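Residue numbers (the UniProt record's numbering), protein chains in the order written: chain F, 1 to 487; chain W, 1 to 487.
Simulated from the structure, these hints should not be mistaken for laboratory data. The structure displayed is predicted, hence computed values, not measured ones. Any given hint could turn out to be false.
16 Å max Cα-Cα, derived EDC-like pairs, lysine to aspartate or glutamate [what the hints assert, rightly or not]:
{"#": "1", "chain 1": "W", "residue 1": "K222", "chain 2": "F", "residue 2": "E230"}
{"#": "2", "chain 1": "W", "residue 1": "K222", "chain 2": "F", "residue 2": "E233"}
{"#": "3", "chain 1": "W", "residue 1": "K119", "chain 2": "W", "residue 2": "D459"}
Residues on chain W that point at chain F, a partial pick, calculated with CB under 8 Å [claimed, not checked]:
{"#": "4", "residue": "R124"}
{"#": "5", "residue": "P130"}
{"#": "6", "residue": "V402"}
{"#": "7", "residue": "G410"}
{"#": "8", "residue": "V413"}
{"#": "9", "residue": "G416"}
{"#": "10", "residue": "W433"}
{"#": "11", "residue": "P461"}
{"#": "12", "residue": "L464"}
{"#": "13", "residue": "L485"}
Negatives, chain F to chain W, calculated, CB over 10 Å [claimed, not checked]:
{"#": "14", "residue": "Q3"}
{"#": "15", "residue": "P18"}
{"#": "16", "residue": "A201"}
{"#": "17", "residue": "A223"}
{"#": "18", "residue": "S313"}
{"#": "19", "residue": "T326"}
{"#": "20", "residue": "Q328"}
{"#": "21", "residue": "L382"}
For every residue, glycine included, the Cβ atom is placed at its ideal position computed from N, Cα and C.
2 protein chains.
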Amino acid sequence: MIQGFDPRTGQPTGLELPETDRAGVDAAVAAALEAGRAWRGAPAEERARVLEAVADALTARAEELWPLADRETALGEVRLRGEIGRSAGQFRFFAQVIRDGGYAEAIIDHADTSLTPPKPDVRRMLRPLPGVVGVFAASNFPFAFSVAGGDVASALAAGCPVVVKAHPGHPGTSELTASVIRSALPSADLLGLVQGMESGAWLVQHPSVSAVGFTGSVPGGKAIQALIDERPEPIPFFGELGSVNPVVVLPSARREGLAQGFAASLTLGSGQFCTNPGLVFAPEDVVKEFAEAVSASTGTPMLSSRIRDGYTSGVERLSSLTLLATGQAGEGAWAVEPRLFTTDLDSFAAQLPAVAEECFGPSSIVVTYRDVSDLPGVLARLEGSLTATVHATDPAEAAPLVEVLARTAGRLVWNGWPTGVAVTWAMHHGGPWPSATTTFTSVGATAIARWLAPTAYQDWPAELLPQELQDSNPLGVPQRVDGVLSR
Amino acid sequence: MIQGFDPRTGQPTGLELPETDRAGVDAAVAAALEAGRAWRGAPAEERARVLEAVADALTARAEELWPLADRETALGEVRLRGEIGRSAGQFRFFAQVIRDGGYAEAIIDHADTSLTPPKPDVRRMLRPLPGVVGVFAASNFPFAFSVAGGDVASALAAGCPVVVKAHPGHPGTSELTASVIRSALPSADLLGLVQGMESGAWLVQHPSVSAVGFTGSVPGGKAIQALIDERPEPIPFFGELGSVNPVVVLPSARREGLAQGFAASLTLGSGQFCTNPGLVFAPEDVVKEFAEAVSASTGTPMLSSRIRDGYTSGVERLSSLTLLATGQAGEGAWAVEPRLFTTDLDSFAAQLPAVAEECFGPSSIVVTYRDVSDLPGVLARLEGSLTATVHATDPAEAAPLVEVLARTAGRLVWNGWPTGVAVTWAMHHGGPWPSATTTFTSVGATAIARWLAPTAYQDWPAELLPQELQDSNPLGVPQRVDGVLSR
Chain F
1 MIQGFDPRTG QPTGLELPET DRAGVDAAVA AALEAGRAWR GAPAEERARV
51 LEAVADALTA RAEELWPLAD RETALGEVRL RGEIGRSAGQ FRFFAQVIRD
101 GGYAEAIIDH ADTSLTPPKP DVRRMLRPLP GVVGVFAASN FPFAFSVAGG
151 DVASALAAGC PVVVKAHPGH PGTSELTASV IRSALPSADL LGLVQGMESG
201 AWLVQHPSVS AVGFTGSVPG GKAIQALIDE RPEPIPFFGE LGSVNPVVVL
251 PSARREGLAQ GFAASLTLGS GQFCTNPGLV FAPEDVVKEF AEAVSASTGT
301 PMLSSRIRDG YTSGVERLSS LTLLATGQAG EGAWAVEPRL FTTDLDSFAA
351 QLPAVAEECF GPSSIVVTYR DVSDLPGVLA RLEGSLTATV HATDPAEAAP
401 LVEVLARTAG RLVWNGWPTG VAVTWAMHHG GPWPSATTTF TSVGATAIAR
451 WLAPTAYQDW PAELLPQELQ DSNPLGVPQR VDGVLSR
Chain W
1 MIQGFDPRTG QPTGLELPET DRAGVDAAVA AALEAGRAWR GAPAEERARV
51 LEAVADALTA RAEELWPLAD RETALGEVRL RGEIGRSAGQ FRFFAQVIRD
101 GGYAEAIIDH ADTSLTPPKP DVRRMLRPLP GVVGVFAASN FPFAFSVAGG
151 DVASALAAGC PVVVKAHPGH PGTSELTASV IRSALPSADL LGLVQGMESG
201 AWLVQHPSVS AVGFTGSVPG GKAIQALIDE RPEPIPFFGE LGSVNPVVVL
251 PSARREGLAQ GFAASLTLGS GQFCTNPGLV FAPEDVVKEF AEAVSASTGT
301 PMLSSRIRDG YTSGVERLSS LTLLATGQAG EGAWAVEPRL FTTDLDSFAA
351 QLPAVAEECF GPSSIVVTYR DVSDLPGVLA RLEGSLTATV HATDPAEAAP
401 LVEVLARTAG RLVWNGWPTG VAVTWAMHHG GPWPSATTTF TSVGATAIAR
451 WLAPTAYQDW PAELLPQELQ DSNPLGVPQR VDGVLSR
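Turn these sequences into a full structure, and let the hints guide you.
Structure follows, in structure tokens:
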């Protein structure tokens, strides 16, 4: 059975829920596949209206959703209301994305029979993957990376039915969220929900599942990839895994507010963000203020005893470094103390790669350096991250670092903190392994591309072509026609 | 040692070449990586001019290239001259693609500080993968899918250095082609070439290799995937593997020229095309003419004794079917007879999936049907193909098949034959497993996307942004600005 727990008390909360058995997974996938037939064929405008209805339903039911999620995650009203808003906003955003139509990448090449060999008429666009999308919900965002998350919103927007494997950290929230979303869908079967670890294993091996989205740990991601590798037909695995998110404070960086900004980013949500700043390279003169800021910080309960235990052993792993500061644990059964460690650049480099492994939670390492020119060689040895941040007032000082940082991370942040991930057209939330398993993103407009595949139509009769590929362009989507992009 | 053979005589041709040892692979990758530093940073216009110089060099040296390739492949002057032209054309085409700049998918979202939370300035574009691209050349196109092929052209266009593992079927042609291409590159090291099976295994496991392109068989592709799976850091594997390319002749199809078109497509290049029409669903009335056309056809030598042996056993595997026609083997040590088999739809369906496995070479099966409505159920059970073709004069007759064919194949062809693959903006040469390992294409403008990954820049200073992401858009590339696509 699946049981939610209250991180403030460590005690069970809510009803026990049955684990989904194999037959249950089969039924959810089969129902989703069947409901998907109409959905994938529905015009973008129709899908967009449904996505907006989902956003409305989430907003309308926020009063029910956040208290339940708060009991299961202890993330608090403000954060959870904000997260429901983010989730609703994401559904609205993907409605915009599919109305725009550029996501389909319509390309039309007219025939040219004067050439040898003659060039046929070829038209290509992206269409939804044929089967069901499997999504693994994350622990740390019970709405925005869970049943109401970006994977689900982008897959539905693409035209794919979805089956979500709920995260055991918020099973009740998952069930309620699914029922709220289903109330706005043309068929409730478009969104399946399964509970329990084994259900996830069956899901990724199901012959009708065409792709899998996942947000979680490196070991979790590797386990799912291994299961997918056993399939007779491989399918894409879009995993967003671990990330240390290096921050480089350059000598020219403005010191005002720097330490406070760092501590706030570090301890946000008890440090349970994929984009948590786990590693800071800084001149020695900032160390004292960073230490003071972390000492003054107060932790909040972590999401589960398993995550709390992981943090505890992660922090122990760093005990060879100098402990610079310890914050307050704060209230709650699973509350932990924020920690800040320090070491110098040479010593850090000598302990790579182990020292730079992600420690999920409010812990970070300040690596002090003396000469900016020593940084690129060490930065080049870091594993892939979702983000890399530079603090500086002088861009010229940062110039020698840009290329190495762009090879290390998928998003480069200037004079900010990596923990916020805006849902916009340009956002990229991905990066080199192990931060992501592919070059795709899980946040932002292009997240929809994960659930699409191209079809080319050669000399195909106009009456059988999708609207996006017709010369008259009835939907007004961006088309590249004979090499020229236009709307 | 690596030795080329003349398919007309079965005898060795050209010098023996040493197999590249591990140190040789390391050296080629290291040199490519180093040469790639300048290349990936070079402006698109500069890369475009180099690609055009490569095209010029290939064209200028055609008189040397085709006779050498002919000795190693027996594909003949006309075909090989055409293929050099195709290869040169492909380099020119990718010059156009990178000058256009749309391939970089530049997206700019300006900041909006009035929102809660405030929206940062985020700019995203695709940039070359950080390391070296490994390419496995194919047997059947000694230029267009080999050292001068689309994988190399698109990877260089993307800004990536390349190391090619030569195909053992044309080792001398590979060496000469590499030297011709290098003569036009700013650094010869940008294009490495390694010989021998083991060199390929080292190549895909090399830590500096970021992606692998491959055109070949399903077992070959699986073997490379298994090697990649052993890497500590996974990398994308873009394999274009087997395909049977179903053709559906509907009752309304024009009969004139149909059988001749089929036989020509079937026997082109001795059937050694990934897009060879290996399976035809047709009404019984066309069978006789198809049989006559194949009987009247003459084969040419296959590319190697291994491929010839594979064809022979493939044809034996089909001996449970009715042999409908046998063409002439033609001249040459490794020449084979074209074969046409037949069976009815029920019997075919009963023998799935084995009966529909690709038999590489000039062999096909005509599956006769009586009722069009029986087709979708059987078509749905076929494995993925690169193409699916419909012959009909009445689009309405084909309408019930479009969705199932679009799930089966990456390119749908109307009243044509699948063997030609035009290099255009819209071409898609890919499809569901096993025809391809990903949703990407190996031919056409979007083939470049395989070698690119997104980087997002948040609140990044203008002086450190790539030109493609600057507000002034100095290169005039397509940009999506605040959600609106424009040039």
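Check: Of the hints given before, which are not true for this structure?
Finding: none
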